[in-house]
Amino acid sequence: MSDRTDRQNAMKRNAKVMNRFDLTTRLVSKLKNEEAVIGGIGHSNFDLWGAGRRPQNFYMLGSMGLAAPIALGVALAQPKRRVFALEGDGSMLMQLGSLATIANVAPRNLTIIVWDNGMYQITGAQKTATAGRADLVEIARGAGIVGSAWANDEADFERLVMRALDEDGPWFIAARIDGTAPKQQTPREPVTIKDAFMRGLGVKPAW
Amino acid sequence: MPSADAPSPIKADATWHEAVIRALKDNDVRLVVYVPDNVLRPLIDAVSADDFFTVFVAAREEEAVGIVCGAAMAGLRGIVLMQTSGFATLANVLASLAVAAQIPALMMISERGTLGDFQIAQAIVCRTMRPVLESLGIEHHTMTRLDEAHFVVDRTIKQAYKTQAPAALILSPLLTGQR
Numbered sequence: 006m007s008d009r010t011d012r013q014n015a016m017k018r019n020a021k022v023m024n025r026f027d028l029t030t031r032l033v034s035k036l037k038n039e040e041a042v043i044g045g046i047g048h049s050n051f052d053l054w055g056a057g058r059r060p061q062n063f064y065m066l067g068s069m070g071l072a073a074p075i076a077l078g079v080a081l082a083q084p085k086r087r088v089f090a091l092e093g094d095g096s097m098l099m100q101l102g103s104l105a106t107i108a109n110v111a112p113r114n115l116t117i118i119v120w121d122n123g124m125y126q127i128t129g130a131q132k133t134a135t136a137g138r139a140d141l142v143e144i145a146r147g148a149g150i151v152g153s154a155w156a157n158d159e160a161d162f163e164r165l166v167m168r169a170l171d172e173d174g175p176w177f178i179a180a181r182i183d184g185t186a187p188k189q190q191t192p193r194e195p196v197t198i199k200d201a202f203m204r205g206l207g208v209k210p211a212w
Numbered sequence: 047m048p049s050a051d052a053p054s055p056i057k058a059d060a061t062w063h064e065a066v067i068r069a070l071k072d073n074d075v076r077l078v079v080y081v082p083d084n085v086l087r088p089l090i091d092a093v094s095a096d097d098f099f100t101v102f103v104a105a106r107e108e109e110a111v112g113i114v115c116g117a118a119m120a121g122l123r124g125i126v127l128m129q130t131s132g133f134a135t136l137a138n139v140l141a142s143l144a145v146a147a148q149i150p151a152l153m154m155i156s157e158r159g160t161l162g163d164f165q166i167a168q169a170i171v172c173r174t175m176r177p178v179l180e181s182l183g184i185e186h187h188t189m190t191r192l193d194e195a196h197f198v199v200d201r202t203i204k205q206a207y208k209t210q211a212p213a214a215l216i217l218s219p220l221l222t223g224q225r
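Note that the protein sequences, when read in sequence, are chains H and B.
With the working numbering applied, the first sequence covers 6 to 212.
With the working numbering applied, the second sequence covers 47 to 225.
Looking at chain H on its own, in the form it has when it is part of the complex:
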């Protein structure tokens, strides 16, 4: 293993194991300008739902792995709005090519946040590749997203979020998280979710 890989793996190992709901709440508390948030399938969007309803949130009920591509589409359509994608490690591993696409398209207003607990938590905690040797920050950087970093702790996570709000991206933030299950689940109402999101983005008029 190269020195560089050793250093990167050490950065991942040294990152504090945090809590997804706590970090999601911290993220949402920083959003003051109707930023869009795409919550990936499963626990990523359940905790986004639990962190409080926002008209600019889109909750994915299927299409595993597509939070970042959906967020890219939103970011291209509305370049003045900041857009966040929230994904789990299992979801992100399904669509690694999208990181290369995002690096090349280089939307300045897009941030991908990955919650990494090294497991497919919702299906029985089977291990993902990130429980082994894979490092998602190294992968994102290798795909060409220069602004890729592990959040070392909660304060560092907030610092990275503020940087993503203030400076040009694209950004990739990974956080190690524990196996706590969300307290709430998103209602399975895709058309309602989509309509609320489109109204929240000003694409459809308010009712």
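Treat the hints as calculated values from the structure; they're not laboratory data.
These numbers were taken from a predicted model, which means no experiment stands behind them.
Glycine residues also receive a C-beta, built at the ideal position from the N, C-alpha and C atoms.
A portion of the hints provided could be inaccurate.
Stated by the list, open to error - Far from chain H, by Cβ distances over 12 Å, these chain B residues were calculated: (1) Asp59; (2) Arg106; (3) Arg173.
As the list claims (entries may be wrong) - Below 27 Å or equal to it, Euclidean Cα-Cα: the simulated DSS-like pairs (lysine-lysine) are: (4) H:Lys35 - H:Lys188; (5) H:Lys21 - H:Lys132; (6) B:Lys204 - H:Lys209; (7) H:Lys37 - H:Lys209; (8) B:Lys204 - B:Lys71; (9) B:Lys71 - H:Lys209; (10) B:Lys208 - H:Lys209; (11) B:Lys71 - H:Lys85; (12) H:Lys21 - H:Lys35.
With chain H's structure known, arrange chain B on it following the hints.
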């Protein structure tokens, strides 16, 4: 944005890709995300050279559908270009995102594996395309004639947006003239 009810003046399109581009412009479809195919090459080249369009390649067709769905929800009309084998990877994203949430994801598929294709893999996968579209209830039209091309693309885009539903346009070798 051009009025949805005011198509550009009727004229003969010299090529199928000119007819497609005219219909995309008439309907303000500005985002083109593709996974390439030889048949699609003149269309990809033409939209890439035209400032009206934002054009880029995706690593995978499923990713491209996700991008176009996100753009559609945020007010930017887009279309995915792909070949038959790429469409065969899309059942889950179409079912669980575009159909479930009623998002007008537009797709253009160059039909490989028929009318003389020498690739057996293309021929087999081609037979899955229309049954998948039918089973998902997705509006689809096969384009075979140059004189109908603009009409089919134009009307399909309008219906997709007015009914908030995905739609697929299949480019037959009868239109595109290649294997």
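So which of those numbered hints doesn't the model satisfy?
2
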